[in-house]
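Protein chains: 2
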Amino acid sequence: MEQQYKIVVDALGSDKGPEAIILGASLAIKEFPNLSITLVGPEALINEKMQEYGVDKARFKVIPAEETITNFENPYTGIMNKPQASLVKAMKEVGKEEENYAGMITAGNSGAILMGSFRFLSDANKTRPCMAAMLPNGKEAYTCLVDTGATIDCTPSQLHSFARLGSDVMKKMYHIESPRVALLSNGAEPTKGNHLVKETFPILQEDKELNFVGNIEGNNALSGDCDVLVCDGFAGNQVLKNTEGMAKRLITDIVVLSKKRNRPEFMEVAQYLMKTYDISALGGGLVLGTRKLIIKARGNSDERAIVNISRMILNHASGEAVLTQKEREDALR
Amino acid sequence: MEQQYKIVVDALGSDKGPEAIILGASLAIKEFPNLSITLVGPEALINEKMQEYGVDKARFKVIPAEETITNFENPYTGIMNKPQASLVKAMKEVGKEEENYAGMITAGNSGAILMGSFRFLSDANKTRPCMAAMLPNGKEAYTCLVDTGATIDCTPSQLHSFARLGSDVMKKMYHIESPRVALLSNGAEPTKGNHLVKETFPILQEDKELNFVGNIEGNNALSGDCDVLVCDGFAGNQVLKNTEGMAKRLITDIVVLSKKRNRPEFMEVAQYLMKTYDISALGGGLVLGTRKLIIKARGNSDERAIVNISRMILNHASGEAVLTQKEREDALR
Chain A
1 MEQQYKIVVD ALGSDKGPEA IILGASLAIK EFPNLSITLV GPEALINEKM
51 QEYGVDKARF KVIPAEETIT NFENPYTGIM NKPQASLVKA MKEVGKEEEN
101 YAGMITAGNS GAILMGSFRF LSDANKTRPC MAAMLPNGKE AYTCLVDTGA
151 TIDCTPSQLH SFARLGSDVM KKMYHIESPR VALLSNGAEP TKGNHLVKET
201 FPILQEDKEL NFVGNIEGNN ALSGDCDVLV CDGFAGNQVL KNTEGMAKRL
251 ITDIVVLSKK RNRPEFMEVA QYLMKTYDIS ALGGGLVLGT RKLIIKARGN
301 SDERAIVNIS RMILNHASGE AVLTQKERED ALR
Chain B
334 MEQQYKIVVD ALGSDKGPEA IILGASLAIK EFPNLSITLV GPEALINEKM
384 QEYGVDKARF KVIPAEETIT NFENPYTGIM NKPQASLVKA MKEVGKEEEN
434 YAGMITAGNS GAILMGSFRF LSDANKTRPC MAAMLPNGKE AYTCLVDTGA
484 TIDCTPSQLH SFARLGSDVM KKMYHIESPR VALLSNGAEP TKGNHLVKET
534 FPILQEDKEL NFVGNIEGNN ALSGDCDVLV CDGFAGNQVL KNTEGMAKRL
584 ITDIVVLSKK RNRPEFMEVA QYLMKTYDIS ALGGGLVLGT RKLIIKARGN
634 SDERAIVNIS RMILNHASGE AVLTQKERED ALR
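Top line first, the protein sequences correspond to chains A and B.
If you count the first sequence from 1, position 66 lands on 66 in the working numbering, and the numbers rise without skipping.
Counting from 1 along the second sequence, just add 333 to a position and that's the residue number in the working numbering.
Mixed in with the good hints there might be a few duds.
To be verified - Straight-line distance between alpha carbons at most 30 Å, and here's what the computed DSS-like set of lysine-lysine pairs gives:
no., chain 1, residue 1, chain 2, residue 2
1, B, 592, A, 139
2, A, 259, B, 608
3, A, 30, A, 96
4, A, 61, A, 92
5, B, 531, A, 198
6, B, 459, A, 198
7, B, 593, A, 198
8, B, 525, B, 541
9, B, 339, A, 16
10, A, 16, B, 472
11, A, 49, A, 30
12, A, 126, A, 57
13, A, 275, B, 592
14, A, 61, A, 198
15, B, 593, A, 275
16, B, 363, A, 139
17, A, 92, A, 49
Hints in this document: simulated from the structure, not taken from any laboratory.
So here's chain A without its partners, still in its complex pose:
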């Protein structure tokens, strides 16, 4: 019999309400026969919807929760003072060693996810968790960008920790034997960089467990010349959001051009790019440095995002490599 896996899904915290997440969970259960899900959220709604979608009761269970930590709350006080919040309950659940969960999905408040990860799920070394994104690169694969905004002002030793965590996750998730780690800088030469980059460079160079390939400039950030791109959360946030913003802009330009010139066939180009650069469908942010794999879905995630993230967690747990970008495009064709 195929190995079975369990994941925890926080049904609250999405901009689209719990319905999109519940629907996503039902689709994931249907798509992956070896998956069962523990949903944390409004019990009656979850049971009603899962019945409506015809999901086998043996494949899911519900942990009731009605409360959330909103984006306007202080993450620390949210985690400390809201034991009934779905995020807190979900984190406590996924942390139960006896349950042996493969990971967890949540669309909750990023700050609270990090705070909760540190409080409930930190590893033996008490590593400070960071947030990574898997971005499609120019070599038809993914680049792990870390940190994407969890720690805005960083020290060289934090960047060192990000490099190690990023390298580890690329080994495990994409079966890259010796992931190429680069530092984001304002020039490729070792002498380039701000104070932080210049101080971090020799530390990464001296760590023989890392395959450090040097500095990479912004125009090559996602060229595929590295597997892990290390930067502070401020710069990482710029790369992530600028990448997304530019993809959106060019796609919008094509849609406008298609209408203006009355060329409906141009929409095919827009659709193709939308699939390739739909970062939300790729599965949000990965929390690294925890005992369990926690993936944050975007606040505006739809049901397909939940299915995609479930697949990432299953692949990570089973040791199967996640689809390359090319395989993904072929699958989408």
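Got chain A; can you put chain B on it based on the hints?
Only chain B this time, still in chain A's reference frame:
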């Protein structure tokens, strides 16, 4: 008679050799009847080429120079120890008040341009010059990104100076009465940002001569919600290069798609985007904080870039607004 303008063009320093720049200068002279050019570079070659292109001798003059400051040289020692370098000669020439030049174009070493600007062309306040880029934004206009990499680690007072210089140039170059100034941050809320952004925020807010509109996130960096986007040179370099890198990538994707699916009509989309996002044709980096307008052309600039930059300088000098992005697209159509 129409007002006449003179500019200085450094013929050396381009990756494509002096020929591309000389050709560009000849085209600019033909396109703008009120322009004459002082070329600094290899005298025999310039005279030979200008004759070949049939340029009237009354419209240009040559200051001989054979030496350059390369990209591998220390900018400071280059400026101090190479009085014969074309860049140094060009800067001294443009600084001559009696000549009343409208500005200067060079494709030389960025560090040396800044160092030379400070040494030969700094304003009465001895402002530290910075480098800005005019990027096409989502509202069919331009956003002035400052600093783009001249000062990598910045202080809040430097960011304040960038904000003022950016605001001034947008008033003069695009006739914006009260340019909207924003700080690049990792969130729109005033509480977001790294230490530098958080310290700079109240300083910009208190300066009543600035129209400060708050923080802007990376995905809205070029949405057109601000006219001047202020950040340190490290972050600005990321925005500039990531914007360029993403535009190139999506355009390449379209070219590949066109071939793979055998749909030659898709090339029309690629060509349209190439025109809109051809940052090099927009005219490189503007040095702000100097007595004269200095514009750095990209190292790989072709002759069209020289013509476009000449137009920017003429418009800046004459007080005519530069083309909006929409006008530019219409002109290119």
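*Keeping to a limit of 30 Å between CA atoms, is the pair of residue 363 (chain B) and residue 139 (chain A) held or broken?*
Violated: residue 363 (chain B) and residue 139 (chain A) sit about 44 Å apart, past 30 Å.
*Does the structure keep residue 16 (chain A) and residue 472 (chain B) at a Cα separation of 30 Å or less?*
holds, 29 Å
*Would you mind confirming whether the straight-line C-alpha gap from residue 49 (chain A) to residue 30 (chain A) stays at or under 30 Å?*
holds, 14 Å
*Measure nothing beyond the straight line between the CA atoms of residue 593 (chain B) and residue 198 (chain A); if it is 30 Å or shorter, mark the hint as holding.*
Not satisfied, since the Cα-Cα distance of roughly 43 Å exceeds 30 Å.
*Taking 30 Å as the top limit, are the C-alpha atoms of residue 525 (chain B) and residue 541 (chain B) close enough?*
holds, 22 Å
*Pairwise hint evaluation, residue 592 (chain B) against residue 275 (chain A), where the allowed Cα distance is 30 Å at most*: holds, 18 Å
*Take the C-alpha atoms of residue 259 (chain A) and residue 608 (chain B), compute the straight-line distance between them, and say whether it is at most 30 Å.*
holds, 18 Å
_Against the 30 Å threshold, does the CA-CA distance of residue 61 (chain A) and residue 198 (chain A) hold or violate the hint?_
Violated. Residue 61 (chain A) to residue 198 (chain A) sits at ~50 Å, over the 30 Å cutoff.
*Is the hinted pair residue 30 (chain A) and residue 96 (chain A) satisfied, with a Cα-Cα distance of at most 30 Å?*
Holds: residue 30 (chain A) and residue 96 (chain A) sit about 25 Å apart, inside 30 Å.
*Would the pair residue 92 (chain A) and residue 49 (chain A) pass a check requiring their Cα atoms to be no farther apart than 30 Å?*
holds, 25 Å
_So if I understand the rule, the pair passes when the alpha-carbon distance is 30 Å or less; does residue 531 (chain B) with residue 198 (chain A) pass?_
It holds: about 23 Å lies between the C-alpha atoms, which stays within 30 Å.
*Holds or violated: are the alpha carbons of residue 126 (chain A) and residue 57 (chain A) at most 30 Å from each other?*
Given pair residue 126 (chain A), residue 57 (chain A) is violated - Cα atoms ~37 Å apart, limit 30 Å.
Going down the numbered hints, you'll see the structure goes against 7, 9, 12, 14 and 16, while the others check out.
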